[in-house]
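Student: Sequence:
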Amino acid sequence: MGVVIMNALLELLIALGNDMLFAMIPAVGFALVFNVPPKALKYCAIGGGLGHGTRFLLMHWGMPIEWATLAAATVVGMIGVHWSHRFLAHPKVFTVAAMIPMVPGVFAYKAMIAIVEINHRGFSMELWGLMIENVLKAIFIVAALAIGLAMPGLLFYRRRPVV
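Using full-length UniProt numbering, count along the sequence shown one by one with no gaps and you end on 163.
These are computed hints drawn from the structure, not numbers from a lab. Idealized CB from N, CA, C, for every residue including glycine. The reader is advised that the hints may include incorrect statements.
[Claimed, not checked] Pairs of lysine-lysine residues, derived as DSS-like cross-links and limited to a Cα-Cα distance of at most 25 Å, are as follows:
| hint | residue 1 | residue 2 |
| --- | --- | --- |
| 1 | Lys110 | Lys137 |
| 2 | Lys39 | Lys92 |
| 3 | Lys92 | Lys42 |
[What the hints assert, rightly or not] Computed Cβ-Cβ distance ranges for the label pairs, DEER-style:
| hint | residue 1 | residue 2 | range |
| --- | --- | --- | --- |
| 4 | His85 | Leu32 | 23 to 29 Å |
| 5 | Asn119 | Arg86 | 49 to 55 Å |
| 6 | Leu41 | Ala15 | 21 to 27 Å |
Can you build the whole structure from these sequences, using the hints too?
Tutor: As structure tokens, then:
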């Protein structure tokens, strides 16, 4: 029994490392596009990996992608605020590029393909349902990214207390 658990844990850790590594690549790429200072590139990579890894773990444990994205974006936002205070830079330097790997491109693509199929073949309930499902997923994931990115500002930079 212990060997099975260890193998499952090892497989999860390998999958998590793989997910985080491949999330760091677009984070650094978009940081370069956004002219992030070279000293901050490693923090953008770490933020992208931590955010995508957090989402991966939460989804692995059964959380829906929308809520997992909100939690991961909040984690990246909080870390970005910490790094901004530590390195005297704006939080967006660290957070915006780190959020890019979590953008729901696959869901938006599937929704567009469903729209093209509806246009080409005609209306069907299956295609319509597929299109609506993917559009709503993409919208909620983008909203979760925006809210998670704004969460540190909503919590820490308020002029009045939360309660």
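Student: Decide, hint by hint, whether the structure agrees.
Tutor: To see whether the hints hold, each was checked on the structure:
1. Restraint check for Lys110 and Lys137: satisfied, since their Cα atoms lie roughly 11 Å apart, inside the 25 Å limit.
2. Between Lys39 and Lys92 the CA atoms are separated by roughly 15 Å; this keeps the pair inside 25 Å, and the hint holds.
3. For the given pair, Lys92 sits about 14 Å from Lys42 by alpha-carbon distance, which is consistent with the 25 Å threshold.
4. About 24 Å separates the C-beta atoms of His85 and Leu32, a value consistent with the hinted range of 23 to 29 Å.
5. The hint said 49 to 55 Å for the Cβ distance between Asn119 and Arg86, and at roughly 51 Å that hint holds.
6. Checked against the hint of 21 to 27 Å, the C-beta distance between Leu41 and Ala15 comes to roughly 25 Å, which is consistent with it.
In summary, this structure violates none of the numbered hints.
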